[in-house]
Amino acid sequence: MIEVIEVEKSYGRKKILKGISFTAKKGEITCLIGMNGVGKTTVLNAIMALTPINKGKILIDGSPLDKTGLEKITFIPDTITMLPKMTIAEAMEFMNDFYTYWNQERANELLGFFRLNRKDRISSLSKGNAAKVNLMLGLALDVDYVLMDEPFSGIDMFSREEITNVFTSHLIENRAVIITTHEVGDIEHLIDKVVLLDDGLVTKEFSAEEARENEGKSVIDVMREVYQ
Amino acid sequence: MKNYLKLVNFEFNRIAKLFAVLLGITFVMQMIGVIVKSRQYLNIVNENIFEAMMSKTQFLEQVGQLSFIDIARSIWFTAPIAICAAGIGFYIFLIWYRDWIGKNTFAYRLLMLPTSRLNIFYAKITTILMMIIGLVAFQLILIPIEMSIMKAMVPDEFRNDLNVKELVVSLPQLNLMIGSSIGEFFLYYGSGFLVVSILFTSIILERSFGWKGIVAGVSYSALAIAVWLLPLFLHEFVLNGFFYPMELLILEIIMGLIVLTASIWFSRFLLMKKITV
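Heads up: the protein sequence lines correspond to chains A and B, in order. So in the working numbering, spot 129 of the first sequence is number 129, and the numbers just go up one at a time. Count along the second sequence starting at 1, add 1000, and that's the number in the working numbering.
If you're looking for bench data, these hints aren't it; they were derived computationally from the structure. On a predicted model such as this, the values are computed, not experimentally measured, just so you know. Errors might be hidden in some of the hints.
[Said to hold, decoys possible] Taking lysine-lysine and the BS3-like style, the derived pairs with C-alpha atoms no more than 30 Å apart in a straight line are:
1. Lys1273(B) - Lys18(A)
2. Lys1273(B) - Lys67(A)
3. Lys72(A) - Lys1006(B)
4. Lys1212(B) - Lys72(A)
5. Lys67(A) - Lys1212(B)
6. Lys1006(B) - Lys119(A)
7. Lys67(A) - Lys26(A)
8. Lys67(A) - Lys1017(B)
9. Lys85(A) - Lys1212(B)
10. Lys1212(B) - Lys57(A)
11. Lys85(A) - Lys127(A)
12. Lys85(A) - Lys1006(B)
13. Lys1274(B) - Lys14(A)
14. Lys85(A) - Lys1017(B)
15. Lys15(A) - Lys1002(B)
16. Lys72(A) - Lys1273(B)
17. Lys15(A) - Lys1273(B)
[Stated by the list, open to error] For the chain A half of the interface with chain B, some residues (derived, Cβ under 7 Å), not all of them:
18. Leu50
19. Thr51
20. Glu71
21. Pro77
22. Thr79
23. Thr81
24. Asp97
25. Phe98
26. Tyr99
27. Gly154
28. Met157
[As the list claims (entries may be wrong)] In silico negatives: residues of chain B with every beta carbon more than 12 Å from chain A:
29. Asn1048
30. Val1063
31. Ala1222
Ideal Cβ positions, reconstructed from N, Cα and C, are used throughout, including at glycine.
Let's have the full structure, built from the sequences with the hints guiding it.
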């Protein structure tokens, strides 16, 4: 389980996170939702120790963030993390070289799933295909936790559908997924838990299934109540 | 260790083109220099001996023999060395900033690699060191070839032949690059390594704290250099030449090692706890 406990973060005088807490369990898809600039990416960066936090704790399976904990997580940012001059095959080779838990079989499966060409250069990819490559590189790691930052940002409808299909496949099974987005429509039916962020705080944390079954509300309905 | 070596290989492959360009510039410019300077000298020989009918002895008394030092002092020889030094200086910054700046932020991948983040620091500094030593080694290979070309062009009686060691001792820029003894070589390259590590720490400070990091980086660099050179300052300005040269050297080496350790430790702390993508 990933536990984010009372995390605070400021950039200069501006306080972005004012004491955020939530948990993400294995087998669940947790969605961090909030308007632009609310600190969704900062939370993911903080979990990956890519930005320091001012206060609070982040625990991975009950232990504070350290090298072992970080090796249980894969982070898929909204920007490609490979060199533009690399081909997809070279990017895969790079991952295979450095990660002992790189799963080549799964990488090949994802490559086929997204119909990507190994010989394509990263710099020549469309935004949709770049997002798919990012996803492929991240998901081919045998880890327990997957963090995805805005995977649908700025990509076409068909690519969104393809990416959405990954969530229902065995490629995600038994992993804890934390996904940030402000376009919840595409994945609403897949989300287990929703964490709504506003003004640096968690304004509401709820189970999507319970909201649907008990209150008859969709995630978007709850968002409307909170944000409007 | 394995990941460190992989990172070094990866970083070196990324500089391969720049490295090849610098080698190419050095080779072409210095070769042209040898030919141009030798021909210029031979033209003077022709003008004076065959046209102005000056005797060979008179000519050698007035103009002198052509020495490789004359070629090595020319812009053809020194400019590529300066270009290589500038290229390395530029690359010390580029090797970090290219991973952060631009559309594709490779810094994410580097910092997420399942290895100690200090290995990134070590790999980058090793790459810079390999680049410098590679360029110096290339220069050392080139000099005898250039000397042979000069020998082939200029007749014996008009030449003052030197060996590589004599040339290195005679030219300050080569002496600084290569050193006249093994001790000097380690001293110069140890100092260079220390300066690069201080600069790297300053760059990481900037990457961690933004504008405040620039101030912190400049202050850190000034402080680190002051600590490193403290025995020298004390020796010169306070203690009126109190230390024997060997004592001063040992003190400087100790201070250098302290500053190097501090730089590496501080960089590790920043990379682990403060760096921001």
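ask   = Honestly, which of those hints from before does the structure not fit?
value = Violated hints (numbers, rising): 4, 8, 9, 15, 27 and 28; every other hint is consistent with the structure.
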